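Could you put the whole structure together from the sequences, leaning on the hints where they help?
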Amino acid sequence: MSLNVLGSLASADGGGFQTPTTSEFYQPLLFDGPLAITRPAVVLMLSVGLIAWWLIATTKRAAIVPSKGQWATESLYGFVRNGVARDIIGSKDFLRFVPLLFTMFVLILVNNLFGVIPLIQYPTMSRIGIPIALTLVVYVTYHYIGIKRVGLGQYFKGLVPAGLPGWIVPLIFVLEVITFFITRPLTLALRLFGNMFAGHLLLLLFITGGQYMIINGGIGLKIAGAGSYVMAFALTIFEILIEFLQAYIFTLLAATYIAGSLSDEH
Amino acid sequence: MSEGPPDPDAGHPRLEESQMWNVVSYLISGPVLFGGIGWALDRWLGTGFFVPTGILAGMFVSLYLVWVRYGTQK
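These protein sequence lines are chains A and B, in that order. First residue of the first sequence? That's 0 in numbering that gives the first Met the number 0, and the numbers climb one at a time after it. First residue of the second sequence? That's 0 in numbering that gives the first Met the number 0, and the numbers climb one at a time after it.
Bear in mind the hints are in silico, worked out from the structure with no lab data behind them. Computed from a predicted model, the values in this text were never measured in an experiment. Note that beta-carbon positions come from the ideal geometry of N, C-alpha and C, so glycine has one too.
Now the in silico label distances, taken between C-beta atoms and shown as ranges:
| id | chain 1 | residue 1 | chain 2 | residue 2 | range |
| --- | --- | --- | --- | --- | --- |
| 1 | A | Gln-120 | B | Thr-71 | 44 to 52 Å |
| 2 | B | Tyr-69 | A | Val-139 | 22 to 30 Å |
| 3 | A | Val-136 | B | Met-19 | 18 to 26 Å |
| 4 | B | Phe-48 | A | Gln-17 | 41 to 49 Å |
| 5 | A | Gly-82 | B | Leu-62 | 28 to 36 Å |
| 6 | A | Ile-63 | B | Met-19 | 38 to 46 Å |
| 7 | A | Pro-117 | B | Pro-51 | 48 to 56 Å |
| 8 | A | Ala-233 | B | Gly-70 | 37 to 45 Å |
Calculated from the model, a selection of chain A residues having no Cβ within reach of chain B, i.e. all distances over 12 Å:
| id | residue |
| --- | --- |
| 9 | Tyr-25 |
| 10 | Val-47 |
| 11 | Thr-57 |
| 12 | Ala-62 |
| 13 | Gly-68 |
| 14 | Tyr-76 |
| 15 | Ile-119 |
| 16 | Gly-152 |
| 17 | Lys-221 |
| 18 | Ile-222 |
| 19 | Ala-233 |
| 20 | Leu-240 |
Here are some chain B residues pointing at chain A (derived, C-beta under 10 Å):
| id | residue |
| --- | --- |
| 21 | His-11 |
| 22 | Leu-14 |
| 23 | Glu-16 |
| 24 | Ser-17 |
| 25 | Trp-20 |
| 26 | Asn-21 |
| 27 | Val-23 |
| 28 | Tyr-25 |
| 29 | Ile-27 |
| 30 | Ile-36 |
| 31 | Gly-57 |
| 32 | Val-60 |
| 33 | Tyr-63 |
| 34 | Leu-64 |
| 35 | Val-67 |
Rendered as structure tokens:
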């Protein structure tokens, strides 16, 4: 709606405002086609390098009285280890899943925050392939530990809760299979992707729209453009909150699925 | 305020909370799955009432499953 209003207002003096579209997300830097090295690929590699450097640098000389960096890393690690892994998976089995969950959390968090960090400003997770890759890891993990624990036949049998009336069991079974094998991974990947994609597009719209109105508009549009920047600022703060939240929810749900595969009833 | 190692049998205090997210998956799966089956039946038989029937049946099965899983005492 407001997209069209801005566009039609601005197009009075030729050229016109180009509203940001989904094509903004495909940014090849080197080459083109399927093997192109794109901006998200570079940002992802940058994030991996940065995370590795940070984690090694802050824990290499670990001290009893921690430095600020060590304290920050330990708090983050403690949050994932105790707040997510132990509380959800339970104190018996959680320790071997902490590396997976911590890696996921930090990788998603840093890549999400890159969406608002100046100069980088690209949330990698807004390219659907990357959430799908992360989801595949979770998907294989929770099915693998479930099947390994009870065997393939029992795994499928265990999908349906015991003690149901016989006529409803086939319906429930189909529903459980669809939920376990399709809906769960689909929603896990799409939730992360959608939040990052929509947030980035929204920021892009307010910032480019505000810039266009201030540069090309009359006095009224200049005021509206300033308002657009206020909105962009407010939404950036909001976006940072969403970025934390999505990293947390992804890790939380991964832990929940793993906990489900480890317990007797899923 | 007792210091010391945390109780090893403390269990999964937040699992039930986080399982609320699974409920969403069930509530999506049911209507979509059975509505989809209804749509296929409608296409095949040329009728028009299987889609709403399927969606309602899907909602029923989803809610029933959520009730069985999370609403009853074990």
